[in-house]
Amino acid sequence: MAVPVGNALFGDNYLSHAKGWKSWLFTLDHKRIGVMYLVSILASFLLGGVFALLIRMELWTPQRTIMDAQTYNQMFTLHGAAMIFLFIIPGIPAALGNFVLPLMLGAKDVAFPRLNLLSYYLWVVGALLALVSIITGAVDTGWTFYTPYSTTTNTSVISMTLGAFILGFSSIFTGINFIVSIHKLRPPSMTWFKMPLFLWGLYGTAIIQILATPVLGITLLLLIAERALGVGIFDPALGGDPVLFQHFFWFYSHPAVYIMILPAMGVISELVSTFSHRHIFGYRFIAMSSIAIAIISFLVWGHHMFVSGQSNLASLIFSILTFLVAIPSAVKVFNWVATMYKGEVELATPMLYALAFLFLFGIGGLTGLFLGALATDVHLTDTYFVVAHFHYTMFGGTAIAFFGGLFYWWPKITGRLYRETWSRVAAFLIFIGFNTTFLAQFIMGAQGMPRRYYNYLPEFAPYHRVSTIGAFLLAIGFVMAAGVLLHSLYAGAPAPANPWGAATLEWQTTSPPPHDNFKTQPSPGDPYDVDRWVFDRSAGGYVLAASAAGGGNA
Amino acid sequence: MGFFFLVQQGLGLPPQASSVAPAVDSLYKFIFWVSAFFFLLIVGLMLAFVLRFRKRPGYQKDVQAPTHNTLLELTWSGIPLVLVLIMGFWGFKVFLDINTPPANAYEVQVTGQKWKWLFTYPNGYVDEALHVPVDQPVRLVMTSEDVIHSFFVPAFRIKRDVVPGRYTKLWFRATKTGKFQVFCTEYCGTGHSDMLTFVEVHEPGGFERWLEAASNLLNTLPPAEAGRRLYQSRGCAQCHSVDGSGGIGPTFQGLFGHQVMLKGGVRTEADENYIRESILEPMAKVVAGFEPVMPTYKGRLKDQEITALVAYIKSLAGEPQPASGQ
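The listed protein sequences derive, respectively, from chains A and B.
The first sequence begins at 6 in our numbering and counts up by one.
The second sequence begins at 373 in our numbering and counts up by one.
Don't take each hint at face value.
Claimed, not checked - DSBU-like, lysine-lysine: derived pairs with alpha carbons at most 30 Å apart:
1) A:Lys24 <-> A:Lys524
2) A:Lys199 <-> B:Lys433
3) B:Lys433 <-> A:Lys347
No lab work stands behind these hints: they were computed from the structure.
Sequences are here, hints too, so could you generate the full structure?
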């Protein structure tokens, strides 16, 4: 069997396969849809990031710095809504997953290519509705839309929630597509336990997407019904129950944080194995922990409500279940570290992101223990401690893994290599900037600084200033990373088929792949049998050991 | 370096001033040290492996190294499981103490509203700050007039949501005298971060003396002075300034006896009846340029109190206006 080793940038590939804007807008190719998602999602990340910088600038002084209270409240709402609904939730599955999943399966496309395109356009419609909401009186409810505030504020809650409702369908369609693809398109020799761990992560994610997202949809519709028609569901003035909204909302939104982190964990499994040049350690435990997380994640939502007045017994049960969900996450972390043992660790840019993930997600996970325990949560909830905690898991975890994955698959997506030195400097700046921004927030949170505060007591000013400086370091890091990637598009060296020495199937086709993904059908084996791959100087990348011995196969 | 600073600063926690604070802090410290141990273990191993097994000329990886070890997996699942279950039940035990008031607690009614706190004492006196005696259990019965708020005293380590349409409860026993910060910690709109007040913990006997003096304002002070105290204690000050500066509502400086422009272009004179109506039915005549957000004080201010407030606003009128026909 001939495994291609070369670059197809100047030959037939999915980018050159068809020309013109119509060939993009009406494409059914999962790779092109993935690229369109990638561009849209990065634009959302930029938007959310600009909101974040404006927030941090406002918090430079304890009183007004650059905007009034109402604008500030809109800024943090839009920052949260853009980052969560437009960037983090679709980020890894819809952009990277769309591109990689069929390739990893050795398939030509996802199971339902048309549904895939529909999912993208629903995302676009949802995002446009969110933009409409920004223009017509941006929401000021926080991304959580708590009632009865959200049913009484005079900002455009309806268009924003309708946007989130439609984005939910986009997410559900991606989930359906991935589940069916993994069940039906796996080649016969790829049994469940021969599947790359990224696919296990996406599978667990898809389960949550299709089971939990409808609850959010219903909840947001009820909210709209209450606002638009005066139906009393959540507002006590109409005979409703405001705490009911919180139950409904977190019934989706807590599993949703695992929609965000599970695919990220999948990416990290790939990165750690590839750049340690070693078989992943504890494959079955990592795979099963994804499923365990997906299941337990449905049963922990009440930990957002320990001070809402829910019963002590309910709080106890939610607290214990919350601690249980920590165990499979810890198991993954231990297995990743063990994978490096006796390997051959290569500090390429994606591996730097993976190591940063272990460090940051470690802090994010461990600080979750303070919030899972009932007595300490009473003190810490709704303070900056929580803000720091979820940024360490969502940003330090998911977003860092997303960028690690982006730098990992970039040569496959674009057919170009980027400049390693500068991308490492950028990764280092992002790591330093991130910790500067959010470590200070743990301390002021423990001291009692509440979240979502426009004015604050002067004693918290030093921490806020450190945090603001960190945010700008972080921004510089991202601008640099973007510069490295954009530079590679026109000046990068052509990428080989397998620049890193990974054993999963997407590296067994040219970079970038042809329209149908594979010229010759790859034969899947153990996805982590990296020892079969050796570096070949003439190919500029890794080739199968047998073909290297045979003098290369370029 | 930052780590040692943190340890030195009591791991970031504020001073302890309630009976439950030491128990909460002990659990916090336990979780902190367990977390610190595991964090250093993970990051330490990670860095050690990066250094020891890094790709370099002349280094050969061990292709025979094991790729799974069930005993190891069970160990690193089991030990954390035991530790987190300890945290879980320990947290629950202290949580029950936080949530279970003793039978003899002194009761204060708390009302949250955009964007102030009102505390109603058993004798009917209402104040914007919470005053309590030291070393005596105090029980708060809380509700909200509008949206969800949350009552948080960092020094007491207590917090509870304040929900419209229902009562939530909270108790504490202050162990130190002095003033302690109160925050609203559930986002409630424009003035959320200004919804601040304090708990003043009085020495034995001091609380009773304070309550008696505070309850008797109207009988012991001239009306304008009583009105000034009411202005501060009943939440007018959150939105209405007395120095001409802007706010959520119009300033009281130079208001009385002057013409005001209402929404819709009608002018009216700010006399006693206008002020009384604006207190009892704030939506009836909204001044142009302001949002109709003021809650009604119907049933919450006595006639005598309204009269005192009018007298206070009158005292802020500044230059008497010849055109006004008082």
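Evaluated hints:
1. Between A:Lys24 and A:Lys524, the direct Cα distance comes to roughly 21 Å. Compliance with the 30 Å bound is thereby established for this hinted pair.
2. With a C-alpha separation of about 24 Å, the suggested pairing of A:Lys199 with B:Lys433 holds against the 30 Å cut-off.
3. Only pairs whose Cα atoms come within 30 Å are accepted, and B:Lys433 paired with A:Lys347 is accepted, the gap being roughly 6 Å.
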